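Asks: Make a model of the complete structure from these sequences and hints.
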Amino acid sequence: MSSIHVAKPDLSEGNVRLGTAGLGVQQGAGLVGIIGLVASAVIGFGGMFGTTPTFLMKSWTQNYMFVLAISLGALFFVFIQHLTRAGWSTTIRRPAELIAANLKWAWVGLIPFAALWFSGGSHVEGSDAAHSNWGPGVLFPWADLEALKAHHPAEHDIVAAKSAYLNATFFWIRAIIYVTFWGVVSTWFLRTSIAQDATGDIRLTEKMQKWSGPIAIGFGLTITFAAFDWIMSLSPAWFSTMFGVYFFCGCCTCGFSVLIIAVLRLQSFGRLKQVVNREHYQDMGKLLFAFGMIFWAYIGFSQYMLIWYANIPEETGWFLGRQIGGWGTLSFVLLFGHFVVPFVALISKWTKRLSWYLLAAAIWMLFFGWFDLYWLIMPEVPADAMTAKTYMEVVEAHADASTHIFNPLNFTMLAGVGGIYLWMTIRRMRGSTLLAIRDPRLHEGLSFENQ
Amino acid sequence: MTTFETSVPAIEPTGSLSDSVKIHGLLAEFETPGDILKAAEQVRQAGYRWWDCCTPFPVHGLDRAMGIKPTILPIMVFFAGLTGLIAAFVLQAFTNSSGMSVWAMVWVTGYPYLISGKPLLSIPAFIPVIFELTILFAALTSVFGMLTMNGLPRLNHPLLGNDRFRRATDDRFYIVIEARDPKFFRTRTEAFLESLGAVAVEEVQD
Numbered sequence: 001m002s003s004i005h006v007a008k009p010d011l012s013e014g015n016v017r018l019g020t021a022g023l024g025v026q027q028g029a030g031l032v033g034i035i036g037l038v039a040s041a042v043i044g045f046g047g048m049f050g051t052t053p054t055f056l057m058k059s060w061t062q063n064y065m066f067v068l069a070i071s072l073g074a075l076f077f078v079f080i081q082h083l084t085r086a087g088w089s090t091t092i093r094r095p096a097e098l099i100a101a102n103l104k105w106a107w108v109g110l111i112p113f114a115a116l117w118f119s120g121g122s123h124v125e126g127s128d129a130a131h132s133n134w135g136p137g138v139l140f141p142w143a144d145l146e147a148l149k150a151h152h153p154a155e156h157d158i159v160a161a162k163s164a165y166l167n168a169t170f171f172w173i174r175a176i177i178y179v180t181f182w183g184v185v186s187t188w189f190l191r192t193s194i195a196q197d198a199t200g201d202i203r204l205t206e207k208m209q210k211w212s213g214p215i216a217i218g219f220g221l222t223i224t225f226a227a228f229d230w231i232m233s234l235s236p237a238w239f240s241t242m243f244g245v246y247f248f249c250g251c252c253t254c255g256f257s258v259l260i261i262a263v264l265r266l267q268s269f270g271r272l273k274q275v276v277n278r279e280h281y282q283d284m285g286k287l288l289f290a291f292g293m294i295f296w297a298y299i300g301f302s303q304y305m306l307i308w309y310a311n312i313p314e315e316t317g318w319f320l321g322r323q324i325g326g327w328g329t330l331s332f333v334l335l336f337g338h339f340v341v342p343f344v345a346l347i348s349k350w351t352k353r354l355s356w357y358l359l360a361a362a363i364w365m366l367f368f369g370w371f372d373l374y375w376l377i378m379p380e381v382p383a384d385a386m387t388a389k390t391y392m393e394v395v396e397a398h399a400d401a402s403t404h405i406f407n408p409l410n411f412t413m414l415a416g417v418g419g420i421y422l423w424m425t426i427r428r429m430r431g432s433t434l435l436a437i438r439d440p441r442l443h444e445g446l447s448f449e450n451q
Numbered sequence: 001m002t003t004f005e006t007s008v009p010a011i012e013p014t015g016s017l018s019d020s021v022k023i024h025g026l027l028a029e030f031e032t033p034g035d036i037l038k039a040a041e042q043v044r045q046a047g048y049r050w051w052d053c054c055t056p057f058p059v060h061g062l063d064r065a066m067g068i069k070p071t072i073l074p075i076m077v078f079f080a081g082l083t084g085l086i087a088a089f090v091l092q093a094f095t096n097s098s099g100m101s102v103w104a105m106v107w108v109t110g111y112p113y114l115i116s117g118k119p120l121l122s123i124p125a126f127i128p129v130i131f132e133l134t135i136l137f138a139a140l141t142s143v144f145g146m147l148t149m150n151g152l153p154r155l156n157h158p159l160l161g162n163d164r165f166r167r168a169t170d171d172r173f174y175i176v177i178e179a180r181d182p183k184f185f186r187t188r189t190e191a192f193l194e195s196l197g198a199v200a201v202e203e204v205q206d
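From first to last, the protein sequence lines stand for chains A and B.
Anchor point for the first sequence: position 242 equals 242 in this note's numbering, and the numbering is continuous, going up by one each time.
Anchor point for the second sequence: position 184 equals 184 in this note's numbering, and the numbering is continuous, going up by one each time.
Don't read these hints as lab results, they were simulated from the structure.
Hints may contain errors.
[What the hints assert, rightly or not] Taking CB as the label site, the calculated pair distances span:
no.	chain 1	residue 1	chain 2	residue 2	range
1	A	W107	B	L147	56 to 64 Å
2	A	F343	B	R44	53 to 61 Å
3	A	F343	B	I72	16 to 24 Å
4	B	R64	A	I347	18 to 26 Å
5	B	R44	A	L11	33 to 41 Å
6	B	D181	A	F367	50 to 58 Å
7	B	F185	A	V340	41 to 49 Å
8	A	A360	B	P124	27 to 35 Å
9	B	F185	A	Q209	56 to 64 Å
10	A	R265	B	Q42	35 to 43 Å
[To be verified] Some but not every residue of chain B turned toward chain A, in silico, with C-beta under 8 Å:
no.	residue
11	H60
12	S116
13	P124
14	A125
15	I127
Quantities reported herein were computed from a predicted structural model and do not represent experimental measurements.
Just so you know, even glycine gets a beta-carbon here, dropped at the ideal spot from N, CA and C.
Replies: Below you can see the structure in the form of structure tokens.
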């Protein structure tokens, strides 16, 4: 087939290294990040715009989960390519490895959680003092059972029965296992791949393929339980065994979107020219379409329908909190924005092959990946949801439930966490080659065509 | 391969169109994917319409060289899926949520029945059936639409009786221009195919 091969691609330094080109964006992102974090601290600790410690902590959790989901999605992309011995993706695997390698710093996001345990305080002394009171119960109701008994007696017994799993010691042991596993695995993939840039040793590829199997199992377990611990346990009376898969879909939405954005932006900086082409756009678009939209909608609906059909109060309460007041509208915004609209927009082949169109779609999906986490983490389940006689009784009692969607804290926190994350990502990209230049399957990726 | 070559009969000069043997077309053999890519480009530019390429494996870029238009199958599948979606919704809304009577061969009446306090018209409960019927209609349309449009299944094809053509599944690349093409002229087309660098051009009988 040598006679019809594509022209020899440009593997020179200028095409596969970012150099100083991204420095301006990196510094800008770092600046936005610092300003955002400072502004969030001022608003959150000062109680401005009606924010509470709970609101501040939830906002932190949401944005931490957002950047975590981006890197976890990228890590999934990396090991699934090794697991399937994929050739097409060799040209875009390095950016994914670089994004995933941010997981080395995943433990930093746990510091505010740890600070809660050291801050002491409790909500027991009456709700008026809530603003000055901190303690783990601010975010995790199960960590302060006394306060739960005082404020949500109906939930207390259910949550107390789960204390074998939901207790501080076990929670922290698990958290350390997750962040260690992710950090070690993502760093190992990046280092092994970079080592191959120098030697071109095929055994390194074989080693990564061999370990991708066990890593896939570890990945599945850690993100499932991390989703249980850090998102589902915010409403500890509620439970869904599908929740881990749902969070996995969210990771795919965020991770694949950012991968598409990163690759297309690198190309607009004049990097990875000829190396990544429309064939790769189309396949990245397919992955985002399949995992980020359809699988997300499939799992989200399956979770919803089982709970809706069975109609058991301890399960429906969680969804009830997302149907009262303004949250009902936001639930529909999520349904249409995360599934219906992008489904129609990305179903045709040509849409995934046009770079500006795909870029717009990826930015759209990234926003809704963030919005999905907002919808998961921010709402409060009303205390009377489990004792009310009818659905309409709760809906009417909470008709003016605020969604806080326009609270400035949500956006300063996004700017803060997102800015620091972007700064970190570009910094890492500038310090490495953007292409696995000696990957044994690189020629497959370069001459790849969808047929 | 020399024994194989000798088994191929020499091309006889053909007589008039009233000959009893009808010809299917002309078969041109090429040795490399690069050759057939270049040849296909020129056959397309020469304005032929009833012709095809046969290769032992997918040759990248051949579709573009031949000028094959994108299939309309996805559009058919989309509308079939939409039909399935609407059909499933109407079916369930009629049977579960209305007391209407409709004549469909016999008189059929909806049976509104309250289940676990849900509204009679409960969209979440309908979605699994809507999903399944959408997939069913779309899948059946794509399979049978594909078969209809590419003319399969068929029991025989004139090319299958040609000895030279056997190597299409091994290491040779073929272009076939059919006799029903309006630009097809027995001798002129043969000369044209030879000028494209074919290692052999041969008549295929119907």
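Asks: Is it true that F185 of chain B and V340 of chain A lie within 41 to 49 Å of each other by Cβ?
Replies: violated, 56 Å
Asks: So the hint says 56 to 64 Å: do the beta-carbon atoms of F185 of chain B and Q209 of chain A match that?
Replies: Taking Cβ atoms as reference, F185 of chain B and Q209 of chain A lie about 57 Å apart, which means the hint holds.
Asks: Has the hinted range 53 to 61 Å been met by the Cβ atoms of F343 of chain A and R44 of chain B?
Replies: Roughly 36 Å apart at Cβ, these two residues miss the hinted range, so it is violated.
Asks: When the nearest CB of chain A is found for I127 of chain B, is that gap smaller than 8 Å?
Replies: holds, 6 Å
Asks: Can H60 of chain B be said to touch chain A, with a Cβ gap under 8 Å?
Replies: holds, 5 Å
Asks: Given the hint of 35 to 43 Å, check if R265 of chain A and Q42 of chain B actually sit that far apart at their C-beta atoms.
Replies: holds, 41 Å
Asks: Tell me if the interface restraint on P124 of chain B is satisfied: Cβ within less than 8 Å of some Cβ in chain A.
Replies: At about 5 Å, which falls below the 8 Å cut-off, the nearest Cβ of chain A leaves the hint on P124 of chain B intact, so it holds.
Asks: Taking 50 to 58 Å as the stated bounds, is the beta-carbon spacing between D181 of chain B and F367 of chain A within them?
Replies: Holds - the Cβ-Cβ distance for D181 of chain B and F367 of chain A, about 54 Å, lies within 50 to 58 Å.
Asks: Given A125 of chain B as an interface hint, is the shortest Cβ-Cβ distance to chain A below 8 Å?
Replies: holds, 7 Å
Asks: A range of 56 to 64 Å was offered for this pair. Does it hold for the Cβ distance of W107 of chain A and L147 of chain B?
Replies: holds, 57 Å
Asks: Can you let me know if the beta-carbon spacing of A360 of chain A and P124 of chain B is within 27 to 35 Å?
Replies: For A360 of chain A and P124 of chain B the Cβ distance comes to about 31 Å; the hint holds.
Asks: Taking the least C-beta to C-beta distance, is S116 of chain B closer than 8 Å to chain A?
Replies: holds, 6 Å
Checked against the numbered hints listed earlier, the structure breaks hints 2 and 7; every other hint is satisfied.
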